[in-house]
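**Student:** These protein sequence lines are chains A and B, in that order.
The opening position of the first sequence corresponds to residue 421 in our numbering, with each subsequent residue numbered one higher.
The opening position of the second sequence corresponds to residue 113 in our numbering, with each subsequent residue numbered one higher.
Please note that a few of the clues may not be correct.
As the list claims (entries may be wrong) - Cut-off 30 Å, straight-line C-alpha distance, at most; resulting in silico cross-link-like pairs (DSSO-like, lysine-lysine):
hint, chain 1, residue 1, chain 2, residue 2
1, A, Lys652, B, Lys191
2, B, Lys121, A, Lys459
3, A, Lys652, B, Lys121
4, B, Lys122, B, Lys234
5, A, Lys459, A, Lys558
6, B, Lys179, B, Lys244
No wet-lab data here; the hints were simulated from the structure.
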Amino acid sequence: MAADLFYFFVFPGLLFSAVIGAFLSWFDRKITARVQFRKGPPLLQPFYDFFKLLLVKETILPKQGSPVIFLLAPVFAVFGATMSAVFILLPLFNITTGFKGDLIVIFYLLTIPSFSYVIGSLASGNPLAAVGGSREMKLILSYESTFLLVIAGVIFKASQYFDLNSIITIQHNSSPFIGSFSGIILFIVGIFCIQAKLGMVPFDMSEAETEITEGTFIEYSGAPYALIKLTKYIMLFILPAFITGLLLNGFVLKGINILWAVLKILGIVLLLTLIRNTNPRLKIKQAVNFFLVWMNLLAITAIVLAYFGF
Amino acid sequence: MGFKSFCFKKSLWVFHFGGASCNNCDIEILDCLTPRYDLERFGILLVGSVRHADVLLVNGSINMRDKERLIEIYNQAPKPILVVAIGACGCTGGIFAEGNTFAGPVDKIIPVNAYIPGCPPKPEAIIAGIVKLVKSV
Numbered sequence: 421m422a423a424d425l426f427y428f429f430v431f432p433g434l435l436f437s438a439v440i441g442a443f444l445s446w447f448d449r450k451i452t453a454r455v456q457f458r459k460g461p462p463l464l465q466p467f468y469d470f471f472k473l474l475l476v477k478e479t480i481l482p483k484q485g486s487p488v489i490f491l492l493a494p495v496f497a498v499f500g501a502t503m504s505a506v507f508i509l510l511p512l513f514n515i516t517t518g519f520k521g522d523l524i525v526i527f528y529l530l531t532i533p534s535f536s537y538v539i540g541s542l543a544s545g546n547p548l549a550a551v552g553g554s555r556e557m558k559l560i561l562s563y564e565s566t567f568l569l570v571i572a573g574v575i576f577k578a579s580q581y582f583d584l585n586s587i588i589t590i591q592h593n594s595s596p597f598i599g600s601f602s603g604i605i606l607f608i609v610g611i612f613c614i615q616a617k618l619g620m621v622p623f624d625m626s627e628a629e630t631e632i633t634e635g636t637f638i639e640y641s642g643a644p645y646a647l648i649k650l651t652k653y654i655m656l657f658i659l660p661a662f663i664t665g666l667l668l669n670g671f672v673l674k675g676i677n678i679l680w681a682v683l684k685i686l687g688i689v690l691l692l693t694l695i696r697n698t699n700p701r702l703k704i705k706q707a708v709n710f711f712l713v714w715m716n717l718l719a720i721t722a723i724v725l726a727y728f729g730f
Numbered sequence: 113m114g115f116k117s118f119c120f121k122k123s124l125w126v127f128h129f130g131g132a133s134c135n136n137c138d139i140e141i142l143d144c145l146t147p148r149y150d151l152e153r154f155g156i157l158l159v160g161s162v163r164h165a166d167v168l169l170v171n172g173s174i175n176m177r178d179k180e181r182l183i184e185i186y187n188q189a190p191k192p193i194l195v196v197a198i199g200a201c202g203c204t205g206g207i208f209a210e211g212n213t214f215a216g217p218v219d220k221i222i223p224v225n226a227y228i229p230g231c232p233p234k235p236e237a238i239i240a241g242i243v244k245l246v247k248s249v
């Protein structure tokens, strides 16, 4: 029991993933600034933002709509992100959780933050938030099937093992899955799914700043918005870590390999940031089309290639 | 200086309210966020919703119609909020001070923490004003 609480609140869970995620969020903003020939924010900027929102700012409740659900939605989002952080990071750090089929649990837990955003935005009673919420829902419907196909492809390549721990062990014993054609295709599709899950720029139509003024989060202020920021930090760490575990051999925490583990995460975040900085925002129709037609097609191609052993 | 006010100083998010402006001040405010001046290195961001704002930038002359909206936006902002009046029109009314539709300079409508005069103020002047505002918090 004590060990479970420790897992949840401190080591792979809330505290650890939030701190790492905050540094990754700084990395993302710094790279964005360097791409635009700016200097960028200082290293501790995400922490200043978080503590300012949590401690200093007033929380305003919406007059119309449901205040209880409005306040509970960010808590659920943090809970979902933390639970998936525990389930993803324990196998990555070679701590056996000892249950089979955790990939499916991780898949469901990873959708909780997006669903909480939708619930919170619809509970706020703001028309722009409703627009954002409906777009987020359409986006979830389009990218989740693709993400499931990516996971299915990885399971297929790992000779039908359903838990992250054995998938990583299989990659350690032979070679990482990205070293094959189907692995490369699955990686590309996975990166786009992560981009949409994080709500980064080609797929940020649900929180479009200039168009519907932050959409889903328009009514949040103070501590609930701090929790949403926390969720975003955690998600920015665990989704690249998940892809690393699925396709890039996971982490080996011995000697020089720690550097490789750090570089893998930084490399994936760098890729996400560069995609974000070189693309305009898509319309929701284009995004649904992109995932439901093209990305699904690529993922199915990868599964067929994996079947023939490429 | 406490931890709270330190964090507040380090991350001021800005919401921009343009009254009946001639757009020169708007352009100069946007200039502060461009690569040459880059206010993000001080943690200053432009946000889209007033619920996330810490600083309310008001520029342009405030006429009868803008007045209600300015009060509405000020009431919707989460406190503590700092208000900065930018440009001659925001500070005093400028050439519109005796106009028919003019509803008073910003500080007659809502409390103002800092004034940055100029028509329009240079980006350097805006940064100097923001620095003085941060020191006064």
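**Student:** Quick one, are B/Lys121 and A/Lys459 close enough, alpha carbons at most 30 Å?
**Tutor:** This hinted pair holds, its Cα atoms lying about 19 Å apart.
**Student:** Is it true that the CA of A/Lys459 sits at most 30 Å from the CA of A/Lys558?
**Tutor:** Distance of about 36 Å is beyond 30 Å: violated.
**Student:** Given the hinted pair B/Lys122 and B/Lys234, is their alpha-carbon gap at most 30 Å?
**Tutor:** Given pair B/Lys122, B/Lys234 holds - Cα atoms ~23 Å apart, limit 30 Å.
**Student:** Run the distance test for A/Lys652 versus B/Lys121: straight-line Cα separation, threshold 30 Å.
**Tutor:** 23 Å, holds
**Student:** Taking only the CA atoms, is the gap from A/Lys652 to B/Lys191 under or equal to 30 Å?
**Tutor:** 24 Å, holds
**Student:** Hey, B/Lys179 versus B/Lys244, does the alpha-carbon distance stay inside 30 Å?
**Tutor:** 27 Å, holds
Hint compliance for this structure: hint 5 is the single one not met.
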